[in-house]
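A.B. asks: Residue-level listing of the chains:
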Amino acid sequence: MAKAKPRVAFFDFAGCEGDQLQIANLEETLLDLLEHIEVVAFREVKTGDEPPYDIAFIEGSITRPQDEARVKEIRKQSTFLVALGACATIGGINCLKNFHSEAIYRTQVYGDRARWYDTYPARPVGAVVKVDAELHGCPIDRSEFLRVTKELLLGKRPWIPDYPVCVECKEVGNICRYDLGRPCLGIVSRAGCKACCVTEGATCWGCRGLAPHANLDAARYVMEDIGGFSREEAQDLMRLYLGWTQAPL
Amino acid sequence: MNDAPKNARPGKKATAPKETPPPTSEASVDKQGKQIFVHHLTRVEGHGNIVVSIDHNDKIETCRWEVPEAPRFFEAMVLGRSWRDIHHITSRICGICSIGHQLASLQATEEALAIRPSEQTHVLRKLALHGENMQSHLLHLGYLVLPDLLNVDSVIPLAQSHPKELKNLIALHRLANEFSRVISGRTTHPQRLIPGGMGKLPTAEELKDIRKQLEDSVPKLKAAAELFAALREKFPDFERPTEYVALVSEAEYPLYWGDIGSSHDKRKPARFYMDTAKEYMVPHSTAKWARNVKQSYMVGALARYNLNHAMLHPLARKVADQVGLTPMSTNPYFNNLAQLVEVVHSVEDSIRHIDRLLTKGLKREPYPKVEPRAGKGVGAVEVPRGLLFHAYEYDDDGRIVRADCVIPTNQNHANIQHDLDELTPTISGKSEAEIELTLSMLVRAYDPCISCSTHLIDMSGQEGGRGVRFVREPKAGESRKA
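Quick mapping for you: the protein sequence lines, in order, are chains Z and V. Note that the working numbering has the first sequence beginning at 5, numbered continuously upward. Note that the working numbering has the second sequence beginning at 310, numbered continuously upward.
Calculated directly from the structure, the hints in this document are not laboratory data. Owing to the predicted nature of the structure, the values given are computational and were not obtained by experimental measurement. Some hints could be false.
With a cut-off of at most 35 Å between alpha-carbon atoms, the simulated DSBU-like pairs for lysine-lysine come out as follows [to be verified]: (1) Lys587/V - Lys174/Z; (2) Lys603/V - Lys198/Z; (3) Lys198/Z - Lys517/V; (4) Lys476/V - Lys154/Z; (5) Lys587/V - Lys603/V.
Cβ pair distances, simulated, as ranges [said to hold, decoys possible]: (6) Ile230/Z - Val432/V: 19 to 27 Å; (7) Gln604/V - His40/Z: 45 to 53 Å; (8) Phe581/V - Ser147/Z: 54 to 62 Å; (9) Ile230/Z - Lys531/V: 54 to 62 Å; (10) Glu743/V - Leu220/Z: 52 to 60 Å; (11) Lys160/Z - Lys368/V: 55 to 63 Å; (12) His40/Z - Glu535/V: 31 to 39 Å; (13) Ser147/Z - Ala539/V: 30 to 38 Å; (14) Glu542/V - Lys174/Z: 56 to 64 Å; (15) Ala8/Z - Val602/V: 54 to 62 Å; (16) His40/Z - Val432/V: 21 to 29 Å.
Glycine included, every Cβ here is placed at the ideal spot set by N, Cα and C.
Same shape as in the complex, but just chain Z (with noise of 0.2 Å):
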């Protein structure tokens, strides 16, 4: 007898959903994904929810204490826990709001009633609970979560690129945008995307997160003194999606 399909759920907390639209984007692929797994929880696309889960995939960042403890209560339930997006596994763009003081983004969003929101600083998931694998991006690439996806079927641990954005940026023969006079985080991100916002005509935002062992120092040096961008215009771009680094920025 055939053993039992791995039961797979998804999961979202502040986001957009743009990554589990990627998902159904699979078309096709994702009909032949299903013959595999078992989808026990996915609000977008079914109705129901059944713990406990072989895998959870979870989208959206930590945003109030009420996410914190469901967060908990799934990663109890769920043996391998993935972050899906950006937002999930290093805050992104959520995290822009944590520059201001608490006060002004409630007031500024919600004026004298801002008081009867929940809300805390933006956190990726990986700060609230371990988290056993990450799929970076904003969105995530479609192809990387299929791969993924079948190592975690396969029990392998799934390999994400550890060198730098520009490594796959040269492959695919873009001309480097500081040689355009525009500043670009390719030098310290994360690859594993191609290099797809550079190859679209725009720069690399950093969305996949820091590449282990960045050296924003260098790159702050490499944009300000070489580039001859403003303080401002670099901290502008570091602090788009890397607002929950400890690095300061």
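Go by the hints and put chain V onto chain Z.
C.D. replies: Frame of chain Z; chain V shown alone:
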């Protein structure tokens, strides 16, 4: 974990249980009378609850639509940020309508900084919006609505029971994604749309290829129309006339720009959006409501269809006839049918725009040069779920001092509640499963995008002004650093 707001809500019976609620979307029953508590309604974007109180005579007392989504503070996040990044940040309000948010954001920035994109850019943006509209509508119809119509809990069993119909919709959805990729570079949070132009252009070959694919999709669209025509009976027979608000234009079925039109009010330029989206609070709702001249209004595909049906392309009209959608339709469930009609229209309109681009020839334009300056601007775009406004004020350095985003689902919350109020007496006495399904289907019909809409929720239930005041009335002496 209960996400319901902590503060007290009026109405004893209607208050959601404080302890651990039942598993997602399963009805719970208490002893005296009953309560159906749909916790975290499934197959919608974001978190919403439906709370139904039924008295001991099986009569539905109240039915409330709640939004416990985590607030994300986007208007605060963009404070002090440069004009270059704003559309990049606001794109993250919603993964499904990221293109629409980017375009509304770009329009507001461009108006504020006096940037004038080329005609070619505008045409490409219209195509980007069509691509997103198709993506979102097909996702909603195929993955989120179809399971209700075929009595299953998700799209997954349909792979076995209705493989042909499902694969047809998936093929169309894949085409929509491919179309978005060709125009915008990426289907979610694209990188090509930038202030003043396009960061990268599609090639003529890519355009020709996608044009052919769009043309070849017509038989698939017809098959989808047949499917929904056959399932039309499954939508509850429920009519509630309301006010319909959408962009209007003499030139086309407008998505990218136009004036604010209404079924009950005069036409206004988009910069007066605050005069239409009049927001207020009521004691028994956790979300802010919006109204214009009537007690609530509806935005979205049905509103657009009702106001602009005369501008639809021929096949879209034919499909409207086929699925039995007629102008001034007042059945909110038919928003789903209007979405299908719009998908067909988007395919036809896109082919026309691509022809226009190919005839004129794609021109490479220089990377837009922008001089930052102080200014205010408003963007108004029809996104899949309805009318979206972004309004910004910039300082001399081109950094945001004030921002306001009015999201379609927020404009629909009040209308959803009024629909529920009028719908519930008609289904009193039915089985709980049936009540839950009928109500869930109603909310789902609006395709609510709740993660987008959270910035305006107010749990206080008191009269009060909105937190973020519009840029036309800045507070004296407030600086960017504030």
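A.B. asks: Now tell me if each hint is right for this structure.
C.D. replies: Now for the hints, and whether the structure bears them out:
1. Lys587/V - Lys174/Z: At roughly 52 Å apart (the allowed maximum being 35 Å), Lys174/Z and Lys587/V break the hint.
2. Lys603/V - Lys198/Z: Not OK: Lys603/V and Lys198/Z at ~51 Å, beyond 35 Å, violated.
3. Lys198/Z - Lys517/V: 26 Å, holds
4. Lys476/V - Lys154/Z: 23 Å, holds
5. Lys587/V - Lys603/V: 11 Å, holds
6. Ile230/Z - Val432/V: 19 to 27 Å: Given range 19 to 27 Å: violated, Cβ gap about 39 Å.
7. Gln604/V - His40/Z: 45 to 53 Å: 51 Å, holds
8. Phe581/V - Ser147/Z: 54 to 62 Å: 46 Å, violated
9. Ile230/Z - Lys531/V: 54 to 62 Å: Cβ of Ile230/Z to Cβ of Lys531/V: about 59 Å, so the range 54 to 62 Å holds.
10. Glu743/V - Leu220/Z: 52 to 60 Å: Holds - the Cβ-Cβ distance for Glu743/V and Leu220/Z, about 59 Å, lies within 52 to 60 Å.
11. Lys160/Z - Lys368/V: 55 to 63 Å: Since Lys160/Z and Lys368/V have Cβ atoms about 58 Å apart, the given range 55 to 63 Å holds.
12. His40/Z - Glu535/V: 31 to 39 Å: 33 Å, holds
13. Ser147/Z - Ala539/V: 30 to 38 Å: Holds, since Ser147/Z and Ala539/V (Cβ atoms, about 37 Å apart) stay within the stated range.
14. Glu542/V - Lys174/Z: 56 to 64 Å: 59 Å, holds
15. Ala8/Z - Val602/V: 54 to 62 Å: 58 Å, holds
16. His40/Z - Val432/V: 21 to 29 Å: 43 Å, violated
Going down the numbered hints, you'll see the structure goes against 1, 2, 6, 8 and 16, while the others check out.
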